[in-house]
Amino acid sequence: MISALFIYNQKGEVLISRLYRQDLKRSIADTFRIQVISTTDIRSPIITLGSTSFFHVRHENLYIVAVTKWNANAALIFEFCYRVINIGRSYFGKFDEVAVKANFVLIYELLDEVLDLGYPQNSEADTLKMYITTESINSERAIMEDSAKITIQATGATSWRRSDVKYRKNEAFIDIIESVNLLLSVQGNTLRSDVAGQILMRAYLSGTPECKFGLNDKVLLEKDPERRKTSNTVEIDDCQFHQCVKLGKFDSERTISFIPPDGEFELMRYRTSDNINLPFKVHPVVTEVGKSKIEYRILVKANFSSKLYANNVVLNIPTPLNTAGVTCSVPTGKAKYVPAENSIVWK
Amino acid sequence: MSDAKFFQRGKIHELRLELNSDKKDKNHTRKKATLKKIVANMTMGNDMSSLYPDVIACMAIPVLEVKKMVYLFLINYAKGKPEMALEAIPTFRRDVEDPNPMIRALAIRTMGYIHVDKVTTCLIQPLRHCMRDQDPYVRKTAAVCVAKLFLQDRHLVENAGFIELLRDMLVDSNPSVVANAVAALTEISERSDHIQLKLNMAIASKLVTALNECSEWGQTYILESLMFVVPQEPGDAEMLAERIAPRLQHANSAVVLTAVKVIVYLMNYMSKDEDIANMCKKLSPPLVTLLSSGPEVQYVGLRNILLVVQKHPDILKNDIKIFFCKYNDPIYVKMAKLEIMFRLASEHNVEQVLSELKEYATEIDVDFVRKAVRSIGRLAVKIESTAQKCVEALLELIQTKVNYVVQESIVVIKDIFRKYPNQYESIIGLLCENLDNLDEPEAKAAMIWIIGQYADRIENSDELLEDFLFTFLEETVEVQLALLTATVKLFIKRPTAGQELVPRVLKWATEEVDNPDLRDRGYIYWRLLSTDVAAAKAVVLSEKPHISTETDNMDPVLLEELLMHIASLSAIYHKAPTTFIPHCKPRFLIPSPTLRRQNYGPGRLIHQDSYEHLYSNNGEDEFDATAKQPHHQRLSYHEQSFEQVAEASIGNQQYYEQKINAENPYRTDTTAASANKGGGVDLMSFDL
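Top line first, the protein sequences correspond to chains A and B. The working numbering applies: residue 1 is where the first sequence begins, and numbers increase by one. The working numbering applies: residue 1 is where the second sequence begins, and numbers increase by one.
Since the hints were derived computationally from the structure, they do not count as laboratory data. You may find that some hints are simply not true.
Claimed, not checked - Below are the DSSO-like pairs computed for lysine-lysine, each with C-alpha atoms no more than 27 Å apart in a straight line: (1) K25(A) to K321(B); (2) K25(A) to K389(B); (3) K94(A) to K32(B); (4) K129(A) to K94(A); (5) K272(B) to K311(B); (6) K11(A) to K25(A); (7) K69(A) to K5(B); (8) K25(A) to K326(B); (9) K326(B) to K281(A); (10) K32(B) to K81(B); (11) K246(A) to K282(B); (12) K206(B) to K69(A); (13) K5(B) to K23(B); (14) K336(A) to K23(B); (15) K291(A) to K246(A); (16) K419(B) to K389(B); (17) K246(A) to K206(B); (18) K585(B) to K537(B); (19) K334(A) to K281(A); (20) K246(A) to K212(A); (21) K401(B) to K419(B); (22) K293(A) to K307(A); (23) K69(A) to K79(B); (24) K81(B) to K334(A); (25) K282(B) to K272(B); (26) K585(B) to K507(B); (27) K358(B) to K281(A); (28) K291(A) to K401(B); (29) K281(B) to K246(A); (30) K326(B) to K291(A); (31) K11(B) to K118(B); (32) K272(B) to K347(A); (33) K358(B) to K291(A); (34) K81(B) to K25(A); (35) K5(B) to K129(A).
Said to hold, decoys possible - Among chain B residues calculated to face chain A with C-beta under 10 Å, some are: (36) A4; (37) L64; (38) M84; (39) T91; (40) L106.
As the structure is a computational prediction, the values presented were derived from the model and not from experiment. All residues carry an ideal CB built from backbone N, CA and C; glycine is no exception.
Okay, chain B solo, but in the shape it has when bound (with noise of 0.2 Å):
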């Protein structure tokens, strides 16, 4: 029987007097048909609540199937509608109790998603007996529904002791109650201020042994919580990557990639070199096969890939060409593709690097295109002997005159002509044919650095220049700035032919425009210019300070925090979770003796000392997971990792309102709320 003839709007009256009918009803045929047609009418977005008092009438019905669709109905109107909600009490009441531990496991899930008061209350005391019934669904079930009550009211579930009875689950017999009460432990912690979830060797080590019995899913939450694992003694990381290690042949990604994110973190506090360039090694296969997958998880693992390859560039490098691009990968896939091709590149595979970078470029899709284009600039910048290539391949790219193709080339010939001055400069004529075509903020900004910075052998720098002048006041900042620049350039350089050029410029800068930077550069000029021609092309041909790809790479403790959200949509985006996610708690490396130091750069070095008043205050190798811990305790951790989070010049807003927030736990959540929204990003236009 096809219940698709359910799927039409149906009037509420008419819903009404079908479920209130008289008719003869065998088996209950008709009132589960009215049922359907309620709950398709729901899907479709039609508001079926006032239909609430009928609906409930039905669950007298003993019927399993018209249960869970009253429950379904309950599940998405009772918010609306508390009142109705309490006249489901005694069903629920006489549910937990039944003997058939389905139906108790129905009831305490659908109490969960009920979040009235009313029934919270009600849920309290059957919950707890359920987290102890005897059977593993109810527990597994009853484990899940902590997390539930946490997410309504916090502070019941803080002191009335369910986290004990959660803590209690981690060595229950059963994999999958394990796996659910550490999944609901990890949520937990993650949101409350108070509750942090750390493990200790012990715990850590029966958890892994439950991995082997879990379902996939299962083992992806118990690798999750592993991250809250602090290795102490010298040799404890090794052991539990070693047995983390065979998840990686695992045929769901999700747990491959989970087990990455714990390997790479573990190898923070690995003492031996050898020990990490080992695990290094076992790191890559996993991640190639990932490319077998869908093509969803094939960028989720591009992305992440491209996070660890920062990290430890020897993983993947003999592997470029699983990279390449085929023909009909989904354009997201051939983007984040393409950023990995780059960062792999070196002198020993650079060739083929190039060859498909130059393929790439005539594709049709114009983002991809630009993207290629701009990598072989990129490409001639990053390794020296490959420039010339590099170079004639761009210039083979202008001739093709497709507009955007060209602009993009501009833009980072611009670059190699900082990075190798004086040895490509013949090109600048063919550059110059194709000035016309420029309608791109960032390619007119572009040629006009070169004509400035060149205009002594550019014959008609000045002509060019005034053309670019013409439409001054109509540019972006970004161009106006450029234009003021060149000029002054062109001027110091050529004074007869900038002379006219220079008083309009800075006069148009300083009086017209309203742009503060633009204006303040335009009186500089002036100043220099007036006072001191010397000094003006001392400051304006100044030598400029190198260039490299280095600046591509990423923060290296944006780097450190992402690398311990692999998987995550952090990582995909490369955005650190804080910066778009309320009330998301920050991750860093927690010292202890075994960590290594971690090297971001002149004044930047964490300092290890600073941390030990703050790691014997917590207690060691102790199993925490509640709320036990004095206040003041808790504080000093925070603190101290507000510090670090400082010094490591990462602290931002959000951080300095859960640090509020954490210093003065009965301060609601609004406050955070309130500053977070402002602060959401919109990340659609994000550029991959």
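The shape of chain A in the complex, shown without the other chains (with noise of 0.2 Å):
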């Protein structure tokens, strides 16, 4: 399991430096600053130098880094990765390097909490709040007072809820958000549409409420082709659920039942690839005008019914990476070429 945890900025100083395992040395931080940091090509976001693997994953200005000399679970670490952003951005709003330098005491004792030996534990933020808090004084407090609670809530069955939560008004959100993903062969002919939907929650309710949610019959999850051709069903491919969902109970009775951790959270996310209709077609020409120029003409057409309208229509077209500069002709709306992202954006 993970060995070490280092966070480095940008330059390759080392923020924080966790050893969990004898097996190595503090030293070998300046090992993954020199193979990793200082190279401009990375080719792989794991690095095995001898029996030592650094596994690597950027925010912001930050690269946070697990090192093991073990066979890992790769697909562990890097979530686990994933989660020290989560737990940093949870507390901190925002996980760069300023937050990590004006509190990294806080971040050692959240790393002491959150790994042991290299094994992740309880990482809910919402549950490490109760007993490590940005004021030392009220952790202390809490673990004084409150351990027992404490320590059933981060062992517990529902290590994501706090049982004590109160509210005067019960109220819960749900946003479902889709994203239509799609790519065109240069001839224009649609090579992969997919469609990636999102169910995000906002619960703010009382107690350890025990909430279930269904799904209507046009809703189909196993792929039945006889069944497709007749009735207007939504197929969905594949469906992933957060960890606070009984996933028993959803393959056994198809209902998603949860007990819903407090605030907001995303409870499944889903995916499908048939009918997809498509809200904007988009016609690109790209001609090259000698040696150092091209030139882009992008119409896009709108797909559905003149009734409706779409709002906050952005359009990122990426430019080669050696571009010097770029004049951009619209009939409406604003474009602009925006060199950090290597694209032009049209609002």
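Put the two chains together into one complex; each comes in its own frame, and the hints tell you how they fit.
Dropping the structure here:
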């Protein structure tokens, strides 16, 4: 499992270094700096030197690096790195160099709690906040007074929710966000199209309520080519649930039953690839004008009925890395070249 | 209040003065600030160990934040100053008795990190108590602490009854405790020579029930441990897989991939093909969904998908479009996708794949373009109906005159010529136009092979070869070998054209070059040519064996092993863990009455019978994570596994070492360690 966790800034300075196992020394941090941060061309998020492997994830201006000397579970390590970022964001709003430097003692406390011998432990920010807080005095009092409650919370079956939440008004909001992914060939054929949807929930409920979320009969989870032709069903290729959802129940009864965490969370993600109506059609024409000039003509056509209208339409048009200058002419909206993102943005 | 200001180099003596100052220190704010400075300096890599006594003195301060910083300091420096660590023992002793469970847990957790013998001795007794503590938080911390202790002193853990205590924790009422106990047992089993985790169906079933209540990480640990279940009765594997399947819907990819690993493993013990087909159907959607995670997880997913589809080609066979690259995918994701696209390409989708590959061949990243070009050529070899289109695509690419594209194309065209003789030779002329640009050995060797093979069709083949021969002595061995053979071919096909070149090359090869392969081949040709030209012709121009992309497939034995390591590093590198992790136990399918016969091709069938006595020796269906078994039984286990691995021809040096260690438990690990030092591979340059 994870032998050490480091956080570096962009320059490769170590901001946090915590060793969990004796199989490596702190100086291993320099190896990573030399091998990865000072190299411009990184071809893999995992680098193995001898029997030591470095897993890195970049976030804002930080490198979060986990080191192991074992044949460790790579998915687990990356998921954990993502989680560190999430905890950081939940505590400090933004997880960047400034935030890490300003709270390094707290981060050490957190790291001591969420990793034990390199095995990730309870890492739900909501629970952690019960006993590790930015105001050290508070956390001290919490530990002294309600430690029994905390320990049960941190090890219990619903580690993501405190039991003593109270609201005067019980409310829950559900947002559904769908992103349509589309890949077109040069000739304009659709190579691949799918919809990735998210169901976000904001729960402000008292106690530990058990919620149920039903899917109507039109939603089909198994691919059944026979039925597809006859009925106007929506087929879902796959779905994934937040850890609060009882997966066993979903498997047997097709009900989504859960005790939600307090506040905002992603309840479910789903994916579907049938019957996708594209909201827009994009026709790009690219012509190379001489050796140092290229011309894009991009036409966008709305594909939905004229009664509807779309808000906040943004086009991101990637440009070559060595672009020196861009001139745009647009009949409506505004187009601007953003060198930092290597793209032209039209709004 | 921001702590960022502490991030500056502090002078040791100033820090010491600050710690010891007598000034009024309300709420210990000064001390805290100084300690923060020390921690910051530790982080920056400045040696703070000389402040040891002063920091230890702060332990008496009854403030939790201070205590945690002192502990952090101890963890960092205790090893270097064992005598100072002793000073901390009284505080630890007090803390493990503290009525507050958080403090108790903190104390044993920290003690476990301090690898100083005296501290360890003081840990044993309280640890035993903590493992039976009434508070689950303390128990789960204690479980991991046993693994810590094991890393430090394995004999102590084995002999002091900790393993039994851990085993009792498997039926704890708290899911976190169960998960951590499982994690600790798995780690100990993976590292110990005489402890092997084995779970029977009853325990496995209990663990699966606990899955529902565990945190996501806990679920991963439990799933991981299910790899040590060997189904014995028909129906066991099916039932277990069925119960694990809901995990495939978890949002955490570690849970999903580990569940995939267990299910793929259990499939080996399923009797009905339709059950396997059903499970395969369940596996593909979650694997595809992995591609909507972050790029790092996508990469892990893709590398594992590549393994799974080799074993079960039906999974994902209709999902090839998912693997088309997006323009903004990171390069490592693109490379991994490309490989899967090639793997999934079939008669039905080859048109789409080819048009994608053509796109990729015009991208910017050199490695990616090369791989795309190579894939086009391999596609031609793999699917005959598309060969013509692939060759056309390659020709278009050659016309771009981009140096590395041309070279890569020539390398694959050589394979196409071999696979489909007498079909595409018309393009040779075009290839010859690009001779001057070749600077990579592989491309040169390929071109030389083509010239030699078609020496009678290429009018000026002798001139072309002569050009290449000009730098014979400076070339790499690969090119030299190709040149030698090509020249001999030229001579046999067109004696007049080659008669001047052959003696020159033979002389160089046998006299001037010190590579033994080249010299030997030179002598063989020389003698053949000087004794019997007809025989030489028969040898040199003999019919070549067919090539196919089947050779790209992974060795089935290795594949089987890697599938048991899905989600892990070795599955990403496609290398057996024993080749780059020292002291790693190899995994293989343990025989049982329900194990499906594994077909590894001729000469590699694993014989069921040869396991039987091993299996009966180990006791049936008995949960067994203890070292209680007499030694000779353990040995027979290892011996047997050794036979199998050797038979399956993946026995390597490290395995021998391990076997030796297993036979002689008193031999320390240093032998294996030293043997492995040389074996550590540099995977940085590993071709993905």
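Hint-by-hint comparison with the structure:
1. K25(A) to K321(B): 45 Å, violated
2. K25(A) to K389(B): 55 Å, violated
3. K94(A) to K32(B): Distance of about 25 Å is within 27 Å: holds.
4. K129(A) to K94(A): 16 Å, holds
5. K272(B) to K311(B): 17 Å, holds
6. K11(A) to K25(A): 21 Å, holds
7. K69(A) to K5(B): 34 Å, violated
8. K25(A) to K326(B): 40 Å, violated
9. K326(B) to K281(A): 18 Å, holds
10. K32(B) to K81(B): 23 Å, holds
11. K246(A) to K282(B): 18 Å, holds
12. K206(B) to K69(A): Judged against 27 Å, a Cα distance of about 31 Å means the pair is violated.
13. K5(B) to K23(B): 22 Å, holds
14. K336(A) to K23(B): 60 Å, violated
15. K291(A) to K246(A): This hinted pair is violated, its Cα atoms lying about 59 Å apart.
16. K419(B) to K389(B): 15 Å, holds
17. K246(A) to K206(B): Holds - the C-alpha atoms of K206(B) and K246(A) are around 17 Å apart, at most 27 Å.
18. K585(B) to K537(B): Given pair K585(B), K537(B) is violated - Cα atoms ~51 Å apart, limit 27 Å.
19. K334(A) to K281(A): 19 Å, holds
20. K246(A) to K212(A): With Cα atoms ~10 Å apart, K246(A) and K212(A) stay inside 27 Å; holds.
21. K401(B) to K419(B): 25 Å, holds
22. K293(A) to K307(A): With a Cα-Cα distance of about 40 Å, the restraint between K293(A) and K307(A) is violated, given a limit of 27 Å.
23. K69(A) to K79(B): The given pair, whose Cα atoms are some 20 Å apart, holds under the 27 Å limit.
24. K81(B) to K334(A): Status violated; Cα separation ~66 Å.
25. K282(B) to K272(B): The hint holds at about 16 Å.
26. K585(B) to K507(B): 51 Å, violated
27. K358(B) to K281(A): 24 Å, holds
28. K291(A) to K401(B): Status holds; Cα separation ~16 Å.
29. K281(B) to K246(A): 22 Å, holds
30. K326(B) to K291(A): Cα-Cα ~26 Å, so holds.
31. K11(B) to K118(B): Answer violated: K11(B) to K118(B) is near 31 Å, above 27 Å.
32. K272(B) to K347(A): 57 Å, violated
33. K358(B) to K291(A): 22 Å, holds
34. K81(B) to K25(A): 15 Å, holds
35. K5(B) to K129(A): Holds, because 24 Å separates the two Cα atoms, which is no more than 27 Å.
36. A4: At about 4 Å, which falls below the 10 Å cut-off, the nearest Cβ of chain A leaves the hint on A4(B) intact, so it holds.
37. L64: Hint holds; L64(B) Cβ to chain A Cβ min 5 Å, cut 10 Å.
38. M84: Violated - the Cβ of M84(B) stays beyond 10 Å from chain A, reaching only about 17 Å at its closest.
39. T91: Cβ of T91(B) sits 17 Å from chain A, so the hint is violated.
40. L106: 8 Å, holds
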